[in-house]
Amino acid sequence: MSRAWLAVFAAVILLPLAVRHAIASEIWIFAIFGLGLNLLLGYTGLLSFGQSTFFGSAGYVSGYLLKHYGINVFAALGIGVLVGAVSAALVGYLCVQRSGLYFIMLTFALNQMFYFIAYQWTTVTGGEDGMPGIGRPVLLGVDFRQPLAYYIFVALLFLVSLWVMKRIVESPLGKILQAIRENEVRAQAVGYDGARLKLLAFVIGGAFSGLAGVLYAMLFGIVPLEAIGFVFSGNVVFATLIGGSGSLYGPIVGSFVFIWLSESVSVVWARWPLLLGVAFVIVVIFFRGGCVEAWARFWSWRERRRMATRLAS
Amino acid sequence: MALLRTENVTKAFGALTAVNGVSLEVEAGSLHSIIGPNGAGKTTLFNLFTGQLTPTSGRIVFDGRDITGTPSHRVAHLGIARSFQRTNVFPALSLLDNVWIAAFARRGSWRGFAWRRADRYPEVTERALAALRDVGLQDRANQLAREISHGEQRQLELAIALAAAPRLLLLDEPAAGLSPDETQRMVALVRGLKGRYTIVLIEHKMDIIMGVSDRVSVMHFGSLIAEGTPAEIQRNADVQRAYLGGVVVE
Amino acid sequence: MLYALMGLGLSLITGILNIPNFAHGALFAVGAYFLASTLHVVGNFWLALVLAPVGVAVLGLAIEYAGIRPLYRAGHDYQLLFTFGLSLILSEGIIVVWGPIGFSQLPPPILRGGLDLGFIFYPKYRLFVMVMAGLLVLATWLFLEKTRYGAIMRAGIEDKEMVSLLGIDIHRLFTAAFALGAYLAGIAGALTAPIRGLSPGMGVDMLGIAFVVVALGGLGNLLGAIAAGLLIGVAQSIVAFYWTEASVAVIFAVMAAVLLVRPQGLFGIR
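Residue numbers (the working numbering), protein chains in the order written: chain A, 705 to 1017; chain S, 67 to 316; chain E, 440 to 709.
Because the hints were derived from the structure by calculation, they are not lab data.
Since we're looking at a predicted model, the values are computed, not measured.
Hints are supplied without guarantee of correctness; some may be wrong.
In silico SDA-like pairs for lysine to any residue, Cα to Cα no more than 25 Å straight-line [as the list claims (entries may be wrong)]:
#1 Lys-870(A) to Arg-182(S)
#2 Lys-599(E) to Lys-870(A)
#3 Lys-599(E) to Pro-509(E)
#4 Lys-870(A) to Glu-189(S)
The shape of chain A in the complex, shown without the other chains (with noise of 0.2 Å):
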């Protein structure tokens, strides 16, 4: 067992002794779909700037079926990462093909068509007001309405789905999607398919982002029309940066990071997605490369000046 897993392991114990629980699954709800994207981003290097489609359209269908049928909770969860998955795919198999500027404009146009079908789609997703009403049933006589009670359920679900990735990557897979991010060109001649194997690290990443989904809509009760919009897909691929997209634990960092800043800030102001803008020009201009890059940069700085007072003395 190695460090990282140990912290995370004493993360998810302390964080519900230190903030609201509802907050502490939407920590871990935001790293599971900060995982999905940073197999795209970090690994693959492809910038998804769309991938609320598959985290917000997760979260209506297993929403819909939730209300309406009461359909069991792994059901629903099965169905949100299905549901990710063959929209990633879709959207995925529109995209791939293309690179640089094109792919992130393409990502974010077929996500703003997918905000419009929700929004106009009224008698579905309520539209505007989103859609309320999802209960989180019962599953073996454990009461999911107990907060505590569901945020175990959902860090268990992140420490599994972090074990997943974490074999993901570290498979031929993870291997392949770095080459292919390094040099397409050479990856292709020496035999991969580079479209395809995109394309299924774009369906991996809506697989997560679905699974993110449906636990946010169970958690709040509700979709809210945001769920689907490109400020979302904008807030992880925030959370990823500044968590540092270059490593597996970046995006959990990331997600840590972002919900405290925003829960803290809306406390203050209203319009603090106002400030939020202001965080990313900061980040941007003074912490590229990220919280995961800052700390080891911090540590090798401490190590170089223990150094250095060594050799003076």
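Since the structure of chain A is already known, use the hints to place chains S and E on it.
Showing chains S and E alone in chain A's frame:
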């Protein structure tokens, strides 16, 4: 028997015909060089072999199978590996990972490739290390590709091609941009590979070719103008005119 | 025509600066609000229509100079984050200054009412906007095609290295391109204000459309952006006539359909 055969292959980019009616046969187990001045269409020919480009007309047959227009990732699976003239590695990955990826691509089955840990494919790692050993980079396996020197990157370039355990190895100016010393080492390396692989070597420096080749084809303005053993080519007046611009070398 | 204007500005920015400008929609919204405020102060629509977009261009100038310039080497992810943050700041700033509730803006008196075109009764102001936007597109086009500075900008899309080798300050070119793009977004916003009214969310809606126009037209392909803008506008009005709710979604559907058939965009080369 010819492992690779081209029939009248032509590639035109608009008005420019980069490769013009090239018919070529590469014998299995031989080292066949293609020489010609810069811009003669040698690299374009490689791009046609490996599916990066599709010929305007003509056929390419590998091991009795028509591969004209097959996409490059599929050509790789048939057992054609290439090195690039301009260093083309994975900069942020370790040397081992650079070759590991090439070795894994040629694995018969990709079962569990998204789940099983990469270090649980010992035979792939073994082959990757062997490829690094072949080019003399085994001691630097854990360094990042962007951290090594240009000469070493050229060796890595070759190792990536070798790791794919190719049946046909296409080398595009492996000595490009190397110092005389490094060039010597690279020539020795290529000579060491001779016999183990069927090799097609592109080069524009005559002296490198002559010592190692079994057959030499000369390309000029997109066409083949001569073919023969190194000795025959050296005596060929046409080649001297085309290639050396009329200056006759002793 | 307005879409063409937006698309042209964005295409210019993405093409020359090679950055994803997610603040383009916000600049559009700012243009509309600037118009409302200047009109309030100076009391003359025409003067306000001249001043407001200039204000946006100046804002664009400042943004490029202070924010985007240090980011050219930073990679798309950070550029995106920056322009996205900027877009949040601008649209939230609008709410802070002008309030969260939208309001409508009347066109100037002479352009009120409609014009009987014989077969259809068309609002005068819409007609004016169409003509105006058409003229602006034409003017921009002429500027890019016929003037020396325009030629430099087009060269900047094709080959930046070449431009800087010619001894042209590439940074000034970038700033100018961004300001011009911002100006086009601003005037599009200003022209829109009397048609659709003002609301803080107007920028985001427009942003998506602008991206579609650029994606369809081809990155940095200015003629393509104009054509795609027209195409999208026409498609939308036709659909809006039959099925109002779907009129926005159809824009994206058109894009998805086109990309399925022609992945490089309608006029894209790459």
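Structure-based check of each hint:
no., hint, verdict
1, Lys-870(A) to Arg-182(S), "holds, 11 Å"
2, Lys-599(E) to Lys-870(A), "violated, 41 Å"
3, Lys-599(E) to Pro-509(E), "holds, 17 Å"
4, Lys-870(A) to Glu-189(S), "holds, 22 Å"
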